[in-house]
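Colleague: Take a look at the letters that make up each chain.
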Amino acid sequence: MSQTVHTLLTLASMFLVFIITTRTLKLPPAFGMLFGALCGAIVAGQGIALRHLIEGGFMYFDVVMVIITASIFMRLWSKSGGLNVFVRDLIRWFSWSPSLLLILLMFVMMLPAALTGSGTAAIMAAGSLVATVLEKMGLPKKNIVGFIAMGAVFGLVAPPINIPAMIISTGINMPYDGFFGPLLILSLPLGAAAALLIGRKHIGKSLNTSVLLSTVQGETPRLGSFGAYIPLLSVIVIMILQRAFPRHFPQIGNTMVFVIGSIVAAALSKKLMLIDTIRSTLSDSIGVCCLLIAVGSIVQVMTLTGVRGLLVVTTISAPLTLLFVLLFLGLPLSGCVLGTYGAASVFGIPFMLALLGRNPIIATAGISLIAGLATLTPPTALDGRAAMLVVKYEGSYSEVLKTMAVPAIAADIVGTLFVIFASSLSWLIL
Amino acid sequence: MIRHTEEKKTKALLSGRAGSILVAAGLIALFAYAAFTFLGMRNFEAVPLGSGVTRTGLLSEYFPALKGSAGDTEVFYLEGSEPGETVLCLGGVHPNEPSGVVAATLLVENAQVKTGKLIVVPHSNASAFSYSTPGEATPMSFTIKTDWGEQEFRYGSRLTNPIHQFPDPDVYVHYPSGQLMSGNETRNLDRSFPGNPKGGLTEKVAYAITEMVKKEGIGLVIDMHEARLMNPIVNCIITPERALTLSSLAQMDLESSTKEPWHLEPSPTKMFGMTHRGLTDATDALAVLMETGNPAMDYPRGPTTEKLIVEGKDEFYALAASRGLLYVPYSEKGLPLQHRVARQLAGADKLIRVFAELSETGDSIVVEGIPSYEDVETYGIGHFILKPQQER
Chain A
19 MSQTVHTLLT
29 LASMFLVFII
39 TTRTLKLPPA
49 FGMLFGALCG
59 AIVAGQGIAL
69 RHLIEGGFMY
79 FDVVMVIITA
89 SIFMRLWSKS
99 GGLNVFVRDL
109 IRWFSWSPSL
119 LLILLMFVMM
129 LPAALTGSGT
139 AAIMAAGSLV
149 ATVLEKMGLP
159 KKNIVGFIAM
169 GAVFGLVAPP
179 INIPAMIIST
189 GINMPYDGFF
199 GPLLILSLPL
209 GAAAALLIGR
219 KHIGKSLNTS
229 VLLSTVQGET
239 PRLGSFGAYI
249 PLLSVIVIMI
259 LQRAFPRHFP
269 QIGNTMVFVI
279 GSIVAAALSK
289 KLMLIDTIRS
299 TLSDSIGVCC
309 LLIAVGSIVQ
319 VMTLTGVRGL
329 LVVTTISAPL
339 TLLFVLLFLG
349 LPLSGCVLGT
359 YGAASVFGIP
369 FMLALLGRNP
379 IIATAGISLI
389 AGLATLTPPT
399 ALDGRAAMLV
409 VKYEGSYSEV
419 LKTMAVPAIA
429 ADIVGTLFVI
439 FASSLSWLIL
Chain B
1206 MIRHTEEKKT
1216 KALLSGRAGS
1226 ILVAAGLIAL
1236 FAYAAFTFLG
1246 MRNFEAVPLG
1256 SGVTRTGLLS
1266 EYFPALKGSA
1276 GDTEVFYLEG
1286 SEPGETVLCL
1296 GGVHPNEPSG
1306 VVAATLLVEN
1316 AQVKTGKLIV
1326 VPHSNASAFS
1336 YSTPGEATPM
1346 SFTIKTDWGE
1356 QEFRYGSRLT
1366 NPIHQFPDPD
1376 VYVHYPSGQL
1386 MSGNETRNLD
1396 RSFPGNPKGG
1406 LTEKVAYAIT
1416 EMVKKEGIGL
1426 VIDMHEARLM
1436 NPIVNCIITP
1446 ERALTLSSLA
1456 QMDLESSTKE
1466 PWHLEPSPTK
1476 MFGMTHRGLT
1486 DATDALAVLM
1496 ETGNPAMDYP
1506 RGPTTEKLIV
1516 EGKDEFYALA
1526 ASRGLLYVPY
1536 SEKGLPLQHR
1546 VARQLAGADK
1556 LIRVFAELSE
1566 TGDSIVVEGI
1576 PSYEDVETYG
1586 IGHFILKPQQ
1596 ER
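Just so you know, the sequences run in chain order A and B.
Counted the way the working numbering counts, the first sequence spans residues 19 to 448.
Counted the way the working numbering counts, the second sequence spans residues 1206 to 1597.
Hints were generated in silico from the structure; no laboratory data involved.
There is no bait here: all hints are sound.
Computed spacing ranges between beta-carbons, pair by pair:
id, chain 1, residue 1, chain 2, residue 2, range
1, A, 431, B, 1270, 52 to 58 Å
2, A, 214, B, 1234, 52 to 58 Å
3, B, 1583, A, 445, 55 to 61 Å
4, B, 1245, A, 63, 18 to 24 Å
5, A, 66, B, 1272, 38 to 44 Å
6, A, 63, B, 1272, 41 to 47 Å
7, B, 1319, A, 195, 44 to 50 Å
8, B, 1419, A, 198, 32 to 38 Å
What the simulated footprint calls covered on chain B by chain A, stretch by stretch (three residues with Cβ under 8 Å from a Cβ of chain A suffice, anywhere in the stretch; the number is not a length):
id, segment
9, 1237-1249
10, 1428-1438
11, 1502-1514
12, 1523-1534
Every residue, glycine too, gets a C-beta built ideally from N, C-alpha and C.
With the sequences and hints as input, model every part of the structure.
Modeller: Given below as structure tokens:
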């Protein structure tokens, strides 16, 4: 049996087991992936491959840590009353122009992702408060999830920090330099357009400030309104200090930033219920974390068995026109298992290597935008699911996808055009 | 249609006292197995000392803060009877690039220095040998058949073990240039030069190597790496501007003697942290880097096995090669480790010879006994590997 046929059989067995376990046995996708990975390893002649299943589970360890700590931070800040004060002020300041408020809320959503490079971290840091305001403005929950998820995507693409672009740059031995202009052009206009496309038709021409404000009542933290902002400011300030003074300020990583934010929020809370809050937060986020661990395991087994190689070689050996079609369709869809960073790493680098004749900075920026969309592709849909988590939306994710369809497809088209016309767009490099 | 309720199922499955105990017991068993397996990677294979080795030391002797840490590593000195120039050969800056590790090991076991000094560090990033990268599914080790049995070599990771350096920042800011790279590059030794004594473990290791180059008065550094087959920077010598004459002469001789392609790649002047840029800028040494192609590194690879590392044969690469996607010649023979090690040794030998010829003092360093390109291709790597505890 040839290597190609054997690998195809392995892929088919993994897919079949995933379908049987999730559809027939009604197990959650995380278990479906684990059983699929186990079966794939056996069919490929690698045995049970326990070491690989465990090792792969650590692939997204950092992301899991950020999700947990950021969730705890947001929950503690919210319980202290800080979130309420923030939302009240936001409504007071910008309710005179609902469209402007929508766009500003999109930028608020994008900011933490632009600073950290992580859409998930942004959702966990800012998702709840943006969701609260959007809800008061009249957006349906599925639109709120779409709004937040798209904000995370455009935020992770926005400068200064775009991790997919950094991954691809490193992969082709190119410094991460000159990306600010192209990434700004790719992210801000699309972010503003997405905000209006998802939210505009659900809000009126004006907002009733007093009615909105009356719905946002609750506890006020220690130190009053000032105290409400300290936890969020402490997180933002540490993030900025890390970026502004990298040689003098310790680089502690997002996990520790949110731990510090949590301590500050807990200290400012009048009714501290630390253990209960942490317990309930862990309970809420375990689903997403299990999914990420399972995705890591299945990616490792796909690599072990050659399934990843088969997918990559089939993609990149396609003719140029088909390559662009695969870039447009295949790269976002690859996120169904790989997520954004995985898509950038596994497919983004080979795509870029196959397109080296074009301006590499513009092309990489375009690919990074398309890879960003991969975080919305089910069943993994990391940022889509994270947004559902913070909004507490229990409906179908396909309904959320419908709300994001137009801005997501527009972003996919823009990203692909950036790659096709990369050399003509080199003037965007500042 | 994916529903949020599926996450509830996950929680439901994990809830309940009996379920919790069952899951906890299962996890403990799995973690115990995993811990036992993963800790095995911390056992270094001993490098048998060839008769040319005059002494051994530790990298921490050049930077005491490294002593006792996971970054400390063995340094082998091969000194001639006559004083002369000093050359440093680095292997294992990236432990997932085995031709450099094996070639450095063979230098320790076989080289004889008549004049000058040869210093060899086979496991430059010792910490990165102690784990494998999640998601890459690489074997923990590979085995070479020798004249006396089998020798196992560990296959580590490109980056320092996160257990030894955690967490990664969002963005790695290279010291001292301020250049930005993706956060995990903070654990990449080949992005950390010239190093930072107050930085993370990886920057400290780079700093110790830079200090070694300065204190030993090293004139030439040869860093042996491997690259992905789809990377244009492969089968090459990467050279900074100061080493251009040296590298050009060596490259011409190597193309002629091995009948193989040897590209000359300029060291990027604005991409910092790599040995050839960092050490050349920070010291008086000429630092060059050699790359061979490792089939176990690139994305289009088939099953990731020991066989792929050692024999280098893969159907998918053959397909990629037929479509013109690879930057190395790839025939049905594949890219065996034996061939890649032969290239590394031939390159090191030639660079040392040309360096000696260009030296103002004439034959300032004379190294003999390095297995030749033809001999490694003919007799295999195993023929030149010493039995542990046995010294020639």
